[in-house]
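From first to last, the protein sequence lines are chains A, B and C.
In terms of the working numbering, the first sequence has 164 at position 164, counting the first letter as 1, and numbering is strictly consecutive.
In terms of the working numbering, the second sequence has 99 at position 99, counting the first letter as 1, and numbering is strictly consecutive.
In terms of the working numbering, the third sequence has 145 at position 145, counting the first letter as 1, and numbering is strictly consecutive.
Keep in mind the hints are simulated off the structure, nothing from the lab.
The beta carbon of each residue, even a glycine, is placed where N, CA and C say it ideally should be.
Hints may be right or wrong, so weigh each one.
[To be verified] Within a straight-line C-alpha distance of at most 27 Å, the following computed DSSO-like cross-link-like pairs (lysine-lysine) qualify:
{"hint": "1", "chain 1": "C", "residue 1": "K93", "chain 2": "B", "residue 2": "K10"}
{"hint": "2", "chain 1": "B", "residue 1": "K156", "chain 2": "A", "residue 2": "K152"}
{"hint": "3", "chain 1": "B", "residue 1": "K213", "chain 2": "C", "residue 2": "K224"}
{"hint": "4", "chain 1": "C", "residue 1": "K224", "chain 2": "B", "residue 2": "K57"}
{"hint": "5", "chain 1": "B", "residue 1": "K90", "chain 2": "C", "residue 2": "K7"}
{"hint": "6", "chain 1": "B", "residue 1": "K10", "chain 2": "C", "residue 2": "K152"}
{"hint": "7", "chain 1": "A", "residue 1": "K273", "chain 2": "A", "residue 2": "K322"}
{"hint": "8", "chain 1": "C", "residue 1": "K7", "chain 2": "A", "residue 2": "K80"}
{"hint": "9", "chain 1": "C", "residue 1": "K224", "chain 2": "B", "residue 2": "K90"}
{"hint": "10", "chain 1": "B", "residue 1": "K156", "chain 2": "C", "residue 2": "K7"}
{"hint": "11", "chain 1": "C", "residue 1": "K152", "chain 2": "C", "residue 2": "K171"}
{"hint": "12", "chain 1": "A", "residue 1": "K201", "chain 2": "A", "residue 2": "K139"}
{"hint": "13", "chain 1": "C", "residue 1": "K90", "chain 2": "B", "residue 2": "K10"}
{"hint": "14", "chain 1": "A", "residue 1": "K80", "chain 2": "C", "residue 2": "K4"}
{"hint": "15", "chain 1": "C", "residue 1": "K3", "chain 2": "B", "residue 2": "K156"}
{"hint": "16", "chain 1": "A", "residue 1": "K80", "chain 2": "B", "residue 2": "K90"}
{"hint": "17", "chain 1": "C", "residue 1": "K3", "chain 2": "B", "residue 2": "K92"}
{"hint": "18", "chain 1": "A", "residue 1": "K152", "chain 2": "A", "residue 2": "K137"}
{"hint": "19", "chain 1": "B", "residue 1": "K57", "chain 2": "B", "residue 2": "K219"}
{"hint": "20", "chain 1": "C", "residue 1": "K171", "chain 2": "B", "residue 2": "K92"}
{"hint": "21", "chain 1": "A", "residue 1": "K453", "chain 2": "A", "residue 2": "K415"}
{"hint": "22", "chain 1": "B", "residue 1": "K219", "chain 2": "C", "residue 2": "K91"}
{"hint": "23", "chain 1": "C", "residue 1": "K3", "chain 2": "A", "residue 2": "K80"}
{"hint": "24", "chain 1": "C", "residue 1": "K175", "chain 2": "B", "residue 2": "K10"}
{"hint": "25", "chain 1": "A", "residue 1": "K492", "chain 2": "A", "residue 2": "K453"}
{"hint": "26", "chain 1": "B", "residue 1": "K10", "chain 2": "C", "residue 2": "K171"}
{"hint": "27", "chain 1": "B", "residue 1": "K219", "chain 2": "C", "residue 2": "K126"}
{"hint": "28", "chain 1": "B", "residue 1": "K156", "chain 2": "C", "residue 2": "K152"}
[Unchecked claim] Just the calculated beta-carbon pair ranges, DEER-fashion:
{"hint": "29", "chain 1": "C", "residue 1": "V182", "chain 2": "B", "residue 2": "D158", "range": "28 to 34 Å"}
{"hint": "30", "chain 1": "A", "residue 1": "R275", "chain 2": "C", "residue 2": "D155", "range": "46 to 52 Å"}
{"hint": "31", "chain 1": "B", "residue 1": "P55", "chain 2": "C", "residue 2": "V182", "range": "38 to 44 Å"}
{"hint": "32", "chain 1": "C", "residue 1": "T94", "chain 2": "A", "residue 2": "E260", "range": "56 to 62 Å"}
{"hint": "33", "chain 1": "A", "residue 1": "R334", "chain 2": "B", "residue 2": "K92", "range": "49 to 55 Å"}
{"hint": "34", "chain 1": "A", "residue 1": "E291", "chain 2": "C", "residue 2": "I256", "range": "56 to 62 Å"}
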Amino acid sequence: MSENASNCIIELKDVVKSFDDTLVIDHVSLSVRKGEFVTLLGPSGCGKTTTLRMIAGFDLPTSGQILLNGKDISLLPPNKRPVNTVFQRYALFPHLNVFDNIAFGLRMKRVVNTYRNPKGEEYTRTEKLTKAEIAAKVKKALEMVDLEGFEKREISTLSGGQQQRVAIARAIVNEPEILLLDEPLGALDLKMRKEMQIELKAMHRRLGITFIYVTHDQEEALTMSDTVVVMADGVVQQIGTPTDVYNEPANTFVADFIGESNIFSGTVTGKRKVRFCGKTFDCVDDFEKNEMVDVVVRPEDIVMCEPELGMLKGKVISVVFKGIHYEITVQVGRYEVVIQSTERREVGETIGMNIPAQEIHIMKRKYTSNIYDGVITKRNTVEFADGEFECDVTQLYPGSHLDEEEYLVTAQGEKIDLTGTEVTVEVGLEDISISDDAEAGGAQGHIISIIYKGDHYRVIVRTDESEEDFVFATDDLWNENDYVSVIIPKDKIKLTLKHTEEKAA
Amino acid sequence: MIKPLRFTRKSLGIPYAVFLVFFVIIPMLVIVFYAFTDKNNHISFVNFINFFSDPTKLSTIVYSLVIALITTAVCLVIAYPVAYILARSKMKQKYVILMLFITPMWINFVLRVNAIRELLNWIGLLGEANYLNTIIGMVYDFLPFMILPLYTTLLKIDESLYEASADLGGNSFTTFTRVTIPLSMPGIMSGITMVFLPSMTNYVVSDMLGNSKVTIIGKFIETYFGSDWHMGSMIALILLIVVFVSTLLSGGFKSEDNVRGTNL
Amino acid sequence: MIKKCLKAFYIGLILLLLYAPILLLAVYSFNSVNTIGTWGSFSFTHYIKLFTDEAILEMIGNTVVLAVSAAILSTILGTAGAMGIYYSRKKAKTLMNGANQIPIINAEIVTALALAITFVAVGLEKSFFTLLMGHMVICTPFVVLSVMPKLKQMDNSLYEAALDLGASPAKALFKVVLPQIVPGIVSGFMLAITLSLDDYIITSYTKPSTFNTISTYVYNATTKGNAHTAVTLSSFWALTTIIFVIILAVVLFANITGLKNKKKEAHE
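Could you put together the complete structure from these sequences and hints?
Structure (structure tokens):
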């Protein structure tokens, strides 16, 4: 523990952050070693920027702790933290020139100098940096970012790339223990971005300080970082080296977000055996037999061969040249398989495919069915997930039926008013459909995720009010953020009583 | 060759151009003419010389400047926190509160001055403290002219600049002096001009609240309108030059800062 | 938390000071007595006086007629002017823009004096016409300033597209350009009305001596007090209150509809 602590510069312990009841960071724990280049990676709104802002001190955690060198800094204001930030849109002071922008932090700084009085006794004084010291430091910082001689330039006369460099110089000139970078390359064009990636990496090596970098660009994360932290929905999905997160994605989200992948629904059929796309494959992961799993295969890991020699056989339906490789889409039965290969194939050609056992990544399925807490209403419908659905309440009591007044009559002939009864609602992944007519279904929400799984899409719809998720499979392609209503057939809503014992008694 | 008369888009401006010539340009030239002629309509600098050699005239000007300066300073001190608080507030209704500061501006100006006159009369200041009353009245009437330009510039300051300052070690005081104030300078300048100029010239306030005992430059011009157009024109011309120079210095008139602006 | 309270307190205090005079008048406008500070009983005396005094009614009517006619004429002149300026070559544009700025930047007293002297110099008797021109001088530049940004925001190819589809230049302007700049015209018109309603100095220099607006009437009643004054002063309290209530209603209405529109936009 102590060894760990000395090596670790910043540590987030069970940090939660919510803005006006909206949970943005959901129990995040994370520790960063001294000198490491850590990237927080995720789609927009995943909480990566909020995490960075809490480390910088712009936002304070709702609960949990942030430790810097073992000391709690959770509530310390930003100007007291030995941390500097490179802002997303640079945040350079428009009223100051390059020199004054970079010198801003130095002028705030107070250093303790030791002097010797005539008697030879030592004493200390807290002093500002001298003009010469400031000028020397600014000059060095400008050299570091290749902007020698830019001191007098006004910010508005600089190009985007130059502003970016000034922003970096302004941060590193203060010699922070940690440099925070909030999507610093987002505003640059592709070529510039590539150059800056290399320079930032070199700068990290030269300065030897810790970099915490936020981006939504997976390629940027993989090329630059020592450690990648993949986030989604305010939750850390996976922490690992770039190789780890690419080769061993922890779940389908990571697999889908980082790199290209084929994601299939599969079943474990035996020891190191998994069945998907209608065939049983050897694999290297052990799961319980008959467990429903997600199977991830990278497009470049699929080996093409003669039709009769492959485990899978299919017809090429599209070939796209991507510069270094071809992207070949093959129809295998009702599944679509994407392959990346340097070899060309023709559309319409029938090919065989093999997948080496070590390239089949199996992960526990996160969603096998939807389960909610619900309440029976007066009209014998069930309310859950911000919606109201028609259901068959007679399934709660075997042999019961409804009388003319819509009261439930049990097999014993007992009349029960179900209004207000708390139930557990279960809906299968295949039993939900959606419509863009908001009135068509029992609940409404926005689509927050779509993942293609070879022959269907797995879609998650989240309701606006209490943020309940509906997870389901569909053949239709929807768009993220679409506002839709959720339709569930009456007979597909499985209800179970919550307090069976009490009812019985 | 005779060009056929044809409707062009430019010709739409002709009526307004004519209007400007007759009711803006010519009257200005008339002022210049009167300013530089004597009573026999001969070209002369007598008004100019008389103006700058008469101590009573000069002292009136100085009084007027001092009143305007104090009014402007008080407005700035009161308005800056209002504008700052509203601009940085995350409240959804902050726009409504800003509107509340502007709303009194839509009541007839003279009625508004009359209202403050009644208030001053009620607390017993009317006729007792003419200069103080004039300043109170001007601050009351011109405050929104200061709040609005300050609010618009402060609103434009990106939140990340405050964060950058804190990130680089600035505390709230240094952030205010080194970031907020310099960045809101355009608003400060335009607010100052919009308060300073009417405080020198709008004599309705000083007449109604100062018991007609306070003479500001605007009133000064009016008193000459009855007796000596030449001197009146000279003072008007000097005022005109002062106003144009100060407007140029503060970066010109911005329509977005206009308090009665319905484009709010 | 304390900071928040302090901020709210400060805003509240300044607002209170800003509204104190008006609220004072509003309260005492229902007083039966003519003095502020001594409460007789609740009564509508001042309101009755306001609506029965012919001189007062006449000056209110004058004010409204003047404001509406000045605003309509300024809006027409200014809108056409703005379009003319916008489509002019650079030189004419700069000249017109410069001249347009003069009445805006100039102290009102200078504009008023210049107009008054000019009218006398050319032998023009003060009349409703001179007064109307005076008001147009201060209103029209603001109409131009409100219309101009809308012209700049407009896609220029719209006009060309209309011509391309066979519209005459005049038709293209009326059917295509004009609808685009309506918001600017409306706000220019509103601005012109408020400027005219508010004005004292220009009015006092360009009006015929028998003609009074609210501004000149109240100004004269308070500064050049006469026997009639004590009675009329208290009816101004009622007038102030009525105007205040009308404005408050308009502002609230505008805010509510504004908010609704914003919500609608957000939903779409």
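Go ahead and decide if the range 49 to 55 Å is satisfied by the Cβ distance of A:R334 to B:K92.
holds (51 Å)
Is the distance from the Cβ of A:E291 to the Cβ of C:I256 consistent with 56 to 62 Å?
Since the Cβ atoms of A:E291 and C:I256 sit about 58 Å apart, the hinted range of 56 to 62 Å holds.
Take a look at whether the Cβ-Cβ distance between A:R275 and C:D155 falls inside 46 to 52 Å.
With Cβ atoms ~59 Å apart, the hint is violated.
Does the structure keep B:K57 and B:K219 at a Cα separation of 27 Å or less?
Holds - the C-alpha atoms of B:K219 and B:K57 are around 12 Å apart, at most 27 Å.
Hint check for C:V182 and B:P55 - Cβ pair distance inside 38 to 44 Å:
Once the Cβ atoms are compared, 56 Å apart, the range 38 to 44 Å for C:V182 and B:P55 is violated.
Does A:K152 pair with A:K137 here, judged by a C-alpha cut-off of 27 Å?
Holds: A:K152 and A:K137 sit about 15 Å apart, inside 27 Å.
Pair hint C:K224 and B:K57, alpha-carbon separation not exceeding 27 Å:
Within the cut-off at roughly 25 Å; holds.
Checking one constraint from the list: CA of A:K80 to CA of C:K4, max 27 Å. Satisfied?
Holds, at about 23 Å.
Taken at face value, is the distance from the CA of C:K171 to the CA of B:K10 at most 27 Å?
Status holds; Cα separation ~15 Å.
Compare the distance between the alpha carbons of B:K213 and C:K224 with 27 Å, and conclude whether the hinted pair is satisfied.
The hint holds at about 13 Å.
Hint consistency between A:K453 and A:K415 [alpha-carbon to alpha-carbon, up to 27 Å]:
Given pair A:K453, A:K415 is violated - Cα atoms ~47 Å apart, limit 27 Å.
Are C:K3 and B:K92 close enough, with their CA atoms no more than 27 Å apart?
Status holds; Cα separation ~19 Å.
In summary, the numbered hints that this structure violates are 7, 9, 20, 21, 22, 30 and 31.
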